[in-house]
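The sequence shown maps to residues 1 to 175 in UniProt numbering.
Check the hints yourself; a few may be wrong.
Derived DSSO-like pairs (lysine-lysine); straight-line CA-CA distance at most 27 Å [to be verified]:
{"no.": "1", "residue 1": "K105", "residue 2": "K158"}
{"no.": "2", "residue 1": "K172", "residue 2": "K158"}
{"no.": "3", "residue 1": "K172", "residue 2": "K61"}
Quick list of simulated restraints, FRET-style, between CB atoms [as the list claims (entries may be wrong)]:
{"no.": "4", "residue 1": "T62", "residue 2": "G149", "range": "44 to 50 Å"}
{"no.": "5", "residue 1": "D65", "residue 2": "Q116", "range": "33 to 39 Å"}
{"no.": "6", "residue 1": "I95", "residue 2": "L74", "range": "19 to 25 Å"}
{"no.": "7", "residue 1": "Q109", "residue 2": "G140", "range": "20 to 26 Å"}
{"no.": "8", "residue 1": "L45", "residue 2": "A123", "range": "55 to 61 Å"}
Rather than coming from a laboratory, the hints here were simulated on the basis of the structure.
For each residue, glycine too, the CB sits at the ideal point set by N, CA and C.
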Amino acid sequence: MFLSLALRRIVTLQQSQIHSFSTSIVLFKGKNAGGGESKSSKRILSDADLSATSNQWPLLKTQYDKFLIELRELYSKQIQLRTSSLAFEELSVTIPPNKKAHQLKELTQIIQKSPQMFMIDMARHAQYIPNVLEAIQKSGLNINPQQDGTTIFLPTPKVTREHREELAKNAKKLA
1 MFLSLALRRI
11 VTLQQSQIHS
21 FSTSIVLFKG
31 KNAGGGESKS
41 SKRILSDADL
51 SATSNQWPLL
61 KTQYDKFLIE
71 LRELYSKQIQ
81 LRTSSLAFEE
91 LSVTIPPNKK
101 AHQLKELTQI
111 IQKSPQMFMI
121 DMARHAQYIP
131 NVLEAIQKSG
141 LNINPQQDGT
151 TIFLPTPKVT
161 REHREELAKN
171 AKKLA
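Sequences and hints are given; from them, build the entire structure.
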């Protein structure tokens with residue numbers, strides 16, 4: 001025990017005698033004379049604290065929770081690595097006479113021809129093809145629709161790094 005205390009003292013004495021030496025230019029700066037932000041402790045507010053300060057807190061919390069649920073559903077439908085027919089079926093298409101929004105599955109049938117190709121047959125509602133094409137392009141699904149008469153072909157992109165980066169950009173747009 002005595003030996004370990006003696007060794008500690010010797011080591012501290014040796015360290016205190018070592019001086020730093022540098023050949024580079026030393027820049028002297030004055031001390032900051034205060035005026036900066038003081039470090040205050042951060043306090044996390046609970047629901048009880050917020051409800052005590054505002055009588056509308058329960059209403060705001062329910063609205064926030066509804067918004068989060070809608071955002072999760074939107075992300076789960078539109079931001080997927082592999083595009084599914086559900087993403088197209090839930091697409092909102094604005095119809096011109098009364099500017100009413102309809103889901104694509106209400107207007108037509110979506111068929112998966114292969115794992116990389118979807119087909120939309122617009123024979124019954126051919127007048128709405130431009131509206132459907134516009135809705136697909138604005139959806140952020142990274143799909144380039146190809147029209148052949150009254151049929152729209154939707155080739156799904158392969159999962160690559162660029163595709164994942166594009167999905168991340170689209171997620172930021174949706175948020």
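Each hint tested on the structure:
no.	hint	in the structure
1	K105 - K158	holds, 24 Å
2	K172 - K158	holds, 21 Å
3	K172 - K61	holds, 23 Å
4	T62 - G149: 44 to 50 Å	holds, 49 Å
5	D65 - Q116: 33 to 39 Å	holds, 38 Å
6	I95 - L74: 19 to 25 Å	holds, 22 Å
7	Q109 - G140: 20 to 26 Å	holds, 23 Å
8	L45 - A123: 55 to 61 Å	holds, 58 Å
Checked against the numbered hints above, the structure violates none of them.
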